[in-house]
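Student: Kindly produce the complete structure, drawing on both the sequences and the hints.
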Amino acid sequence: MSGLVLHIAVAPALPLHAAGKYVAGAYIVFVAILLIYVGIMATRLGRMERELDELRRDVLARRGDADDNPAGESDREHETVA
Amino acid sequence: MRDGRGGGGDGRGPGTWRTVVTVLRKDLLLELRGLDTLPAMILFSIVTFVIFHFGLNQETIAGQEAAGVLTVTLLFASMLGINRLFVAEREQGGFDGFLLAPVDRSALLIAKATALFLFLVVLEVIAVPAFALLLLGPSLGPPLPGLLAMLALGDVAFAVIGTLVSAIAVQTRARDLIGPIVGLPLLLPALIALARGIGPLLAAHGSGTPPGKWVAILALYDVVFALLSYAVFDFLLED
Amino acid sequence: MTTYGRGLRGLSLLTVLTITVAFVLVFFYAPLDANQGFIQKIFYLHVPLAITALCGFVFGGLLAVMYLRTGERKWDIRSYVAIHMALIFGVGTLLTGTIWAKASWGHWWVWSDPTLTSFLIVMLLFATYQPLRFSIEDPERQSRYASVFAVVAGAFVPLNFLAVRLAQPYVHPRVLTLTGGNLPGPMRLTFVVAWLGIALLYVTLWKYEMAAKSTRMQVRALRRALLGEDAVAPLKRSAAPS
Chain V
52 MSGLVLHIAV APALPLHAAG KYVAGAYIVF VAILLIYVGI MATRLGRMER ELDELRRDVL
112 ARRGDADDNP AGESDREHET VA
Chain Y
30 MRDGRGGGGD GRGPGTWRTV VTVLRKDLLL ELRGLDTLPA MILFSIVTFV IFHFGLNQET
90 IAGQEAAGVL TVTLLFASML GINRLFVAER EQGGFDGFLL APVDRSALLI AKATALFLFL
150 VVLEVIAVPA FALLLLGPSL GPPLPGLLAM LALGDVAFAV IGTLVSAIAV QTRARDLIGP
210 IVGLPLLLPA LIALARGIGP LLAAHGSGTP PGKWVAILAL YDVVFALLSY AVFDFLLED
Chain E
60 MTTYGRGLRG LSLLTVLTIT VAFVLVFFYA PLDANQGFIQ KIFYLHVPLA ITALCGFVFG
120 GLLAVMYLRT GERKWDIRSY VAIHMALIFG VGTLLTGTIW AKASWGHWWV WSDPTLTSFL
180 IVMLLFATYQ PLRFSIEDPE RQSRYASVFA VVAGAFVPLN FLAVRLAQPY VHPRVLTLTG
240 GNLPGPMRLT FVVAWLGIAL LYVTLWKYEM AAKSTRMQVR ALRRALLGED AVAPLKRSAA
300 PS
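Residue numbers (this note's numbering), protein chains in the order written: chain V, 52 to 133; chain Y, 30 to 268; chain E, 60 to 301.
No lab work stands behind these hints: they were computed from the structure.
Hints should not be assumed to be uniformly reliable.
Cβ-Cβ distance ranges computed for the label pairs, FRET-style [said to hold, decoys possible]: (1) V:M92 to Y:A245: 40 to 48 Å; (2) V:M92 to Y:L85: 45 to 53 Å; (3) E:E196 to Y:L128: 19 to 27 Å; (4) E:V75 to Y:L177: 58 to 66 Å; (5) E:V80 to V:A93: 21 to 29 Å; (6) Y:L64 to E:V150: 44 to 52 Å; (7) V:R113 to Y:R119: 42 to 50 Å; (8) Y:V101 to E:I110: 28 to 36 Å; (9) Y:V101 to E:L76: 43 to 51 Å; (10) Y:H234 to V:I87: 31 to 39 Å; (11) E:A284 to Y:G122: 34 to 42 Å; (12) Y:Q121 to E:L281: 41 to 49 Å.
The model shown is predicted, which means the values in this text are computed figures rather than measured ones.
Just so it is clear, CB atoms sit at the ideal spot from N, CA and C, and this is done for glycine as well.
Tutor: Have a look at this one:
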């Protein structure tokens, strides 16, 4: 019986409502890190799209010198959306 | 505890042993003639003891505290030593010469590590008595054999990691910085084992033998990292 | 060239599902711990992060071994990404660990917890990985030296944990660690699901990162092939293998 009492006496250092704050903090940190990473990936994706765009333009510019057909517009019409 | 390094009879052939001895002699001769690294390490250690005296503001220290001071000082002194280990090879083309010669490349590792080990031994011959004189409360006599055994094991750890890290650092731009920042965390388990092993020895009524647990860990660390360094060293020398 | 994007969507969905289930279990199923109460819930986040980060470091070491054996660049990139991800998970471990320590002990840092201390040491070591790469300019040498480092550091992880665990004083209760042996059934299930979720997250993010790097490299290669060497702008100085 006294063991049980002792057990209860060794309670968490903080009352429950304050403890919730820390638990929430820990999980929020986790989600925040995840979201930051997703954000960085989004930026990277944007940069890659720009690079591909540039590449396409440059290739067309080089090919366009030798060939009069601006391939860009008709290409887009041949592609399906999905 | 200088086992597994350069033993002529383990089937690697006489070439390795001779190479090791040659490179080792060269390094030791260079140090004897130049005398820059070793005196600096010794002076640094003694000054550090003085600094600790003022920092801790105590007449004498004993037990775990003393073990900590001694171990940390030796660790930092060995960091000083590693920065200079491969400098000559790097700046005077010694690496290329070594690579062209038909020798086992790991011999360079063994030779350098042995040189560093010997430097540390000489350092301790002077620094440990200095430590006993300046800072240590209890007498050094009774625990001396155990202390020397632990220090020897610790020197192997410092020498192996120091050589490995120095070989990596010498090829980078931030040469002097990379060595310590990579080497110190790597050496932490060895430091823990060494300091905790010596602690009981330096206590006021301490035992003469270090706790078996820490001897075992330090020895394990030495074996694992000696083998690992031997395995990867080749890749550092390729060009 | 391997396509890392294959199966990525399915994997991501699985990861999100597992983590969601884990969170539900943590807050609605797992019983309250007798000693620590609500604070113990952090355990389900902190320990999986820790284990995954450590496995990530060892994984990075193994990938580095493959690079040293084959000399193929792709292994070095994989190793770099593995270590990079593990570092991020390690930061998460340290942050959740200090929050747990503050909630349990009132201090932001406790030396008495072996996991946290070992972690600090491992992070200090791997924090030098990128400065090391950054300071070697020759790409092939950079890969080689980084791989040597990754192998040695990967081997270091278990040894470090052994040493630190043994260095803890016996009398001090290990409040922050509930090892698998003492976990009652519902807690164990929750822990396993949480661990699975975090592990899946690591793999998913690794694949994402590899896909991004691989795509970037291919765009550059295409550019080089179509337009010539001088059309490709040199990458800014970076620690990452390019």
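Student: Each of the hints needs a verdict: does it hold here or not?
Tutor: These are the hints, each one checked on the structure:
1. Range check, M92 of chain V to A245 of chain Y: about 46 Å between beta-carbon atoms, so the 40 to 48 Å window is met.
2. A hinted range of 45 to 53 Å holds for the C-beta pair M92 of chain V and L85 of chain Y, which are about 51 Å apart.
3. With their beta carbons about 20 Å apart, E196 of chain E and L128 of chain Y fall inside the hinted range of 19 to 27 Å.
4. Range check, V75 of chain E to L177 of chain Y: about 59 Å between beta-carbon atoms, so the 58 to 66 Å window is met.
5. Remark: the range hint 21 to 29 Å for V80 of chain E to A93 of chain V is upheld by a beta-carbon distance near 26 Å.
6. Take L64 of chain Y and V150 of chain E: their Cβ atoms lie about 46 Å apart, and the range 44 to 52 Å holds.
7. Checked against the hint of 42 to 50 Å, the pair R113 of chain V and R119 of chain Y passes, with Cβ atoms roughly 46 Å apart.
8. A C-beta distance of roughly 31 Å is found between V101 of chain Y and I110 of chain E, which places it inside the suggested range of 28 to 36 Å.
9. Our hint of 43 to 51 Å for V101 of chain Y and L76 of chain E holds, since their Cβ atoms are close to 50 Å apart.
10. Checked against the hint of 31 to 39 Å, the pair H234 of chain Y and I87 of chain V fails, with Cβ atoms roughly 56 Å apart.
11. Between A284 of chain E and G122 of chain Y, the C-beta spacing of about 38 Å keeps the proposed range 34 to 42 Å intact.
12. Roughly 45 Å separates the CB atoms of Q121 of chain Y and L281 of chain E, a value that falls within the hinted 41 to 49 Å.
The structure shown violates just one earlier hint, number 10.
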